[in-house]
Amino acid sequence: MTTAATETPLAASRTPSTLAPNRLARALIYTALILFAVYYLLPLYVMLVNSLKPLGEIRQGDMLSLPLATTVEPWLKAWSTAQIGVQPTGLKPYFMNSILMVVPAVFISTVLGALNGYVLTKWTFRGAGVVFGVMLLACFIPFQIVLIPMARMLGLLGLAGTIPGLVLVHVVYGLGFTTLFFRNYYAAFPSELVRAAQIDGASFFQIFRRILLPSSGPIIVVTVIWQFTNIWNDFLFGASFAGVDSIPVTVALNNLVSSSTGVKEYNVHFAGAIMAALPTLIVYIVSGRYFVRGLMAGAVKG
Amino acid sequence: MSFLQIIDLEKSFGNVEVLKRINLEIEEGGFLVLVGPSGCGKSTLLNTIAGLEPITAGEIRIGGRRVNELHPSKRDIAMVFQSYALYPNMTVAQNIGFGMEIRGVPKAEREAAIARVAETLQIGPLLSRKPSQLSGGQRQRVAMGRALVRDPQVFLFDEPLSNLDAKLRVDMRTEIKRLHQRMGTTIVYVTHDQIEAMTLASKIAVLKDGVLQQFGTPAEIYNNPVNTFVADFMGSPAMNLIPAKITNGSAGLALDLERGAAPPISLPLAHPPAGLVAYKGRDVIFGVRPEALTDPEGADRNAVSLAHADCFIEVVEPAGSDTFAVTHLGGKGVIARLRADANIAPGTTAPLAFNLSKSVFFDPETESRIL
Numbered sequence: 001m002t003t004a005a006t007e008t009p010l011a012a013s014r015t016p017s018t019l020a021p022n023r024l025a026r027a028l029i030y031t032a033l034i035l036f037a038v039y040y041l042l043p044l045y046v047m048l049v050n051s052l053k054p055l056g057e058i059r060q061g062d063m064l065s066l067p068l069a070t071t072v073e074p075w076l077k078a079w080s081t082a083q084i085g086v087q088p089t090g091l092k093p094y095f096m097n098s099i100l101m102v103v104p105a106v107f108i109s110t111v112l113g114a115l116n117g118y119v120l121t122k123w124t125f126r127g128a129g130v131v132f133g134v135m136l137l138a139c140f141i142p143f144q145i146v147l148i149p150m151a152r153m154l155g156l157l158g159l160a161g162t163i164p165g166l167v168l169v170h171v172v173y174g175l176g177f178t179t180l181f182f183r184n185y186y187a188a189f190p191s192e193l194v195r196a197a198q199i200d201g202a203s204f205f206q207i208f209r210r211i212l213l214p215s216s217g218p219i220i221v222v223t224v225i226w227q228f229t230n231i232w233n234d235f236l237f238g239a240s241f242a243g244v245d246s247i248p249v250t251v252a253l254n255n256l257v258s259s260s261t262g263v264k265e266y267n268v269h270f271a272g273a274i275m276a277a278l279p280t281l282i283v284y285i286v287s288g289r290y291f292v293r294g295l296m297a298g299a300v301k302g
Numbered sequence: 001m002s003f004l005q006i007i008d009l010e011k012s013f014g015n016v017e018v019l020k021r022i023n024l025e026i027e028e029g030g031f032l033v034l035v036g037p038s039g040c041g042k043s044t045l046l047n048t049i050a051g052l053e054p055i056t057a058g059e060i061r062i063g064g065r066r067v068n069e070l071h072p073s074k075r076d077i078a079m080v081f082q083s084y085a086l087y088p089n090m091t092v093a094q095n096i097g098f099g100m101e102i103r104g105v106p107k108a109e110r111e112a113a114i115a116r117v118a119e120t121l122q123i124g125p126l127l128s129r130k131p132s133q134l135s136g137g138q139r140q141r142v143a144m145g146r147a148l149v150r151d152p153q154v155f156l157f158d159e160p161l162s163n164l165d166a167k168l169r170v171d172m173r174t175e176i177k178r179l180h181q182r183m184g185t186t187i188v189y190v191t192h193d194q195i196e197a198m199t200l201a202s203k204i205a206v207l208k209d210g211v212l213q214q215f216g217t218p219a220e221i222y223n224n225p226v227n228t229f230v231a232d233f234m235g236s237p238a239m240n241l242i243p244a245k246i247t248n249g250s251a252g253l254a255l256d257l258e259r260g261a262a263p264p265i266s267l268p269l270a271h272p273p274a275g276l277v278a279y280k281g282r283d284v285i286f287g288v289r290p291e292a293l294t295d296p297e298g299a300d301r302n303a304v305s306l307a308h309a310d311c312f313i314e315v316v317e318p319a320g321s322d323t324f325a326v327t328h329l330g331g332k333g334v335i336a337r338l339r340a341d342a343n344i345a346p347g348t349t350a351p352l353a354f355n356l357s358k359s360v361f362f363d364p365e366t367e368s369r370i371l
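Protein sequences, first through last, are from chains A and B.
Residue 15 in the working numbering sits at position 15 of the first sequence, and the numbers go up by one each step.
Residue 231 in the working numbering sits at position 231 of the second sequence, and the numbers go up by one each step.
Just so you know, the hints here were simulated from the structure itself, not pulled from any lab data.
For each residue, glycine too, the CB sits at the ideal point set by N, CA and C.
One thing to keep in mind: the hints can contain errors.
To be verified - Lysine-lysine pairs mimicking DSSO-like chemistry, simulated, CA-CA at most 27 Å apart: (1) Lys280/B / Lys332/B; (2) Lys122/A / Lys74/B; (3) Lys122/A / Lys130/B.
Unchecked claim - Which bits of chain A does chain B cover? Going by a derived footprint, with three or more residues having C-beta under 8 Å, they are: (4) 186 to 193; (5) 211 to 221.
When you get a sec, could you build the whole thing from the sequences and use the hints?
Here it is as structure tokens:
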């Protein structure tokens, strides 16, 4: 009875008489999708176009028109000479600060997350579930709640206002997420491989490095994208904990926009904003290519 | 002295006892098969021998040496896993050589050993492939190669053939037996397939719910099962276990079998087991294997105690080499194994020969054998 009921509509959809409405539905769906894509891409277009216009053209009011006299002047200014706070340095030094903060923070939190996931799935101990639950809870703690305790901790550690201090903050805050990613990934990883390696005499770290890590490509990419985007885009921790020499680019961008001397240089602001967003875009484009499926194929007969 | 000894072994997960006072031993070069239904604890027992699971109580000895506290890699064992557990990121050669690499064996020596094993298992052309590029049977061979290359004191096999298709399984079974005969290394082998157990083992241990039911040679297990569980589990088709009654016949004890509407069959017991006297007038379970219940022409001429009775044949299943006939005795379907060309038709009454010297009796309460 049930099979007959489910098969009828399937069979009907394959008959020629229903093809025409199908095609119409498809056209409607594509139209809607294209409209949404345009809608989402519009801000990027506005930013890009206006960042390449002299200020005079923007003042005329047409934000959507292409530049009449294309210029890269706003980009150069935003990068190296724009007034940020009291210094006319451009975004360059702050961009470097962000890189110095993001790279170690992403690396450390990913490695620790992978190790946590490995232990929580393959070397389980009494209370492993509770430990994981508590770590999971860390994902739900709002930034604002940890601000003051974190400031106190950084002060005690002597890391207040430094880049290593920011790295620590981001590693601690990101650990819940990275652990979650790796734990769930390794939970599906066949334990028999770990057992086989144990019989082969491999140590805790040898098993991790030789057996698990080489098969972790997809989840490493996911974690790196997630962590990189979050840490690069973070504003609150940067604004709260950074010193004069460790301000990340997001905070600097805010300072650039709010500290104009008299004239609002929209083209420079647009250029600066794109610049600040560029690394996350690049990470998506580059690592997406390594998002290879089926790395595990053949390990275990499923 | 036994080579592998398991003494009073117990294993619990929290409050759940999964293995209860297991005692087993196998001589050097023996082939021990652990067999039982899913969840009987056979794989757990194998893992405790490997050292992958700690034990709660008892002792495991390999070659007279207590290994309870030894790490799996120090027990001088090699294991073949059900899923093969080949490292997906390594080639076949790297898979086989991984253990040696970890132990720091020089590269030249390693390659010689890999080549030797590849030769034995005929996997030479596969050495540079990844596991994902291999078929099921090839993966199976590589998994065995990884175990062989260690040249261990004991091989542990955890249901190694269960992922192969039926034909390949039979081929690999023969191959494992051949390997064992050639190398003479002690093997412990877990399976839920009683045919694998019968064909491979020099000793079989039947487990159920973490309790060792019977431990003995395949012939002992097959011919003298200690209880109805073992009787039912070993053999295909399974042993017929028929409710019956012991009565006083004209010449000593007799066995009464219900036949539905027809009057019961009474079979004279020429050589009943001594313990059966106490069951006079009481119910027992009569165990007879299908091959001990045949057409009169196909019956064993040398049988000490044969009895004939007419039975109503419900179904006939020709299987090529034999013909199986289903009749109804004691309220249960009973399978008889007849010659392939036996002249028998469903819906008729035909004489069947009971080989009573190959039959066993069980107590219906305890389900233990009556001896």
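Hints, one by one, checked against the model:
1. Restraint check for Lys280/B and Lys332/B: the C-alpha separation of about 22 Å stays at or below 27 Å, so the hint holds.
2. Between Lys122/A and Lys74/B the alpha-carbon distance is near 20 Å, which keeps this suggested pair within the 27 Å criterion.
3. Of the supplied pair hints, the one linking Lys122/A and Lys130/B holds, its CA atoms being roughly 24 Å apart against a limit of 27 Å.
4. Figure legend: the stretch 186 to 193 of chain A, annotated as covered by chain B; annotation consistent (3 residues with Cβ-Cβ distances under 8 Å, at least 3 required).
5. Residue count for the stretch 211 to 221 of chain A with a Cβ under 8 Å from a Cβ of chain B: 3. That meets the three needed, and the coverage hint holds.
Checked against the numbered hints given earlier, this structure breaks none of them.
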